[in-house]
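Number of protein chains: 2
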Amino acid sequence: MYEGAVQDLIDELGALPGVGPKSAQRIAFHILSADSADVMRLANALRVVKEKVRFCENCGNIAEAPTCRICQDPRRDTTLICVVEEAKDVEVIERTGSYRGLYHVLGGAIDPIKGLGPEQLRIRQLLGRLTNVREVIIATDPNIEGEATATYLARMLETMQVPASRLALGLPVGGDLEYADEITLGRAFEGRRLLS
Amino acid sequence: MYEGAVQDLIDELGALPGVGPKSAQRIAFHILSADSADVMRLANALRVVKEKVRFCENCGNIAEAPTCRICQDPRRDTTLICVVEEAKDVEVIERTGSYRGLYHVLGGAIDPIKGLGPEQLRIRQLLGRLTNVREVIIATDPNIEGEATATYLARMLETMQVPASRLALGLPVGGDLEYADEITLGRAFEGRRLLS
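If you're matching them up, the sequences are chains A and B in order. Numbered continuously in the numbering used here, the first sequence closes out at residue 180. Numbered continuously in the numbering used here, the second sequence closes out at residue 180.
This is chain A alone, in the form it adopts within the complex (with noise of 0.2 Å):
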């Protein structure tokens, strides 16, 4: 459609998730307009994330050395670990202020229809991490994916004797309990406790 430079920019920025054809093409005309420092400082980033960014060794988190800020963070709780989909449900559990052991991220959830099995997950490096740890928290997403995983690594945990544990399921904080869909109600009403 447009001259050559513009149309491989549109193309390139349409290829990333959730940018449509419209959006591609404003954010291209974004760019042609904008301060050519601020579209250099961009190319850069994109560049230095590929060139520094790696994956922990340890717990498979985004690092930018061999292991990430949380292994290497001497007061963690090492005997903990939460078991996570992805890099960036670490941020999200981090955010809460609430958690001060370690993760395990799995980089994804056991999906057959994405011809995702326990195999195509970090769950071996997962199970070569337990020793001296009392309990894993298993924060996959409560979906069908997250709990097929979270029932798969909870057998896969009890024949090798340590505790597992899964994130509560309910009402969410601040929540209305007329726009509660059945499923999470019940949820709630399976997991309530008794006052005082």
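Hints in this document: simulated from the structure, not taken from any laboratory. It cannot be assumed that every hint is accurate.
No distinction is drawn between identical chains; accordingly, a pair holds when it is met within one copy or between any pair of copies.
Straight-line alpha carbon distances no greater than 20 Å define the calculated SDA-like cross-link-like pairs of lysine to any residue that follow [as the list claims (entries may be wrong)]:
| hint | residue 1 | residue 2 |
| --- | --- | --- |
| 1 | K72 | R38 |
| 2 | K36 | R25 |
| 3 | K6 | A18 |
| 4 | K36 | M24 |
| 5 | K6 | E78 |
| 6 | K6 | K72 |
| 7 | K36 | D(-8) |
| 8 | K36 | D(-5) |
| 9 | K72 | G91 |
| 10 | K72 | F13 |
| 11 | K36 | D19 |
| 12 | K6 | I77 |
| 13 | K72 | L100 |
| 14 | K36 | S20 |
| 15 | K98 | F13 |
| 16 | K72 | Q109 |
| 17 | K72 | G85 |
Using the hints provided, position chain B relative to the given structure of chain A.
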């Protein structure tokens, strides 16, 4: 939040139009796991656009030479000039295949709130192009700013005795009368044509 390079990339992506913090994070994680060659192609496309693409000296359209493809094309009718707000509007009109004249990109519309007056637009350059022009088609957007700009241009062109026209307003083809807003419907009545 994240380690240096990843957070830098999220910040740069988040500064793009239509990319919120969540999308920026999603794109950044996509880039982390994407093929290095693909990411380098995107970084390069950004650089090339800033280095190679400029604006046509004649009409203000995007160009990779001093003048754009359309101004260089000897088959175009040089006695017609279609005035648009932005370079992307040129492409929109080109796609219809129903116009074979030249363009003039104003670089926006008159908008006092944004501090855009006639002096900030490429109106002076338009007035310098009117020799041997038989019609100027004003194709600014059909909104307040576009209409104000069209009215301003129409007056200027009248004093210079250059015929000016404005794109028709009316019902969109394939639309449904029921869903037309009252202003569009009113314009469709005003612009009605006798059949045969």
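Outcome of the hint check:
1. For a Cα distance limit of 20 Å, the shortest separation of K72 from R38 inside one copy, 14 Å, qualifies, whereas the shortest one across copies, 39 Å, does not.
2. For a Cα distance limit of 20 Å, the shortest separation of K36 from R25 qualifies both inside one copy, at 16 Å, and across copies, at 17 Å.
3. When the C-alpha separation of K6 and A18 is checked against a cutoff of 20 Å, the pair qualifies only within one copy, where the shortest distance is 18 Å, while the shortest distance between copies is 22 Å.
4. In this assembly of identical chains, the alpha carbons of K36 and M24 lie at most 20 Å apart whether taken from the same copy (18 Å) or from different copies (14 Å).
5. Taking identical chains as interchangeable, the C-alpha atoms of K6 and E78 lie at most 20 Å apart only when they sit on different chains, with a minimum of 16 Å there against 35 Å within one chain.
6. Proximity of K6 and K72 under a CA criterion of 20 Å is satisfied inter-copy only: 11 Å between copies versus 27 Å inside one chain copy.
7. In this assembly of identical chains, the alpha carbons of K36 and D(-8) lie at most 20 Å apart only when taken from different copies (12 Å versus 26 Å within one copy).
8. Taking the shortest alpha-carbon separations for K36 and D(-5), only the inter-copy value of 17 Å comes in at or below 20 Å, while the best intra-copy value is 26 Å.
9. Within a single copy, K72 and G91 get their C-alpha atoms as close as 10 Å, which meets the 20 Å cut-off; across copies the closest is 40 Å, which misses it.
10. In this assembly of identical chains, the alpha carbons of K72 and F13 lie at most 20 Å apart only when taken from different copies (8 Å versus 30 Å within one copy).
11. In this assembly of identical chains, the alpha carbons of K36 and D19 lie at most 20 Å apart only when taken from different copies (14 Å versus 26 Å within one copy).
12. Only between protomers do K6 and I77 lie at most 20 Å apart by alpha-carbon distance; the minimum there is 16 Å, versus 34 Å within a single protomer.
13. When the C-alpha separation of K72 and L100 is checked against a cutoff of 20 Å, the pair qualifies only within one copy, where the shortest distance is 19 Å, while the shortest distance between copies is 42 Å.
14. Taking the shortest alpha-carbon separations for K36 and S20, only the inter-copy value of 12 Å comes in at or below 20 Å, while the best intra-copy value is 24 Å.
15. Taking CA atoms no more than 20 Å apart as the test, K98 paired with F13 passes between copies only; the shortest distance there is 19 Å, against 36 Å inside one copy.
16. With identical chains, the CA atoms of K72 and Q109 are at most 20 Å apart within one copy only, with a shortest distance of 19 Å there and 51 Å across copies.
17. Within a single copy, K72 and G85 get their C-alpha atoms as close as 16 Å, which meets the 20 Å cut-off; across copies the closest is 52 Å, which misses it.
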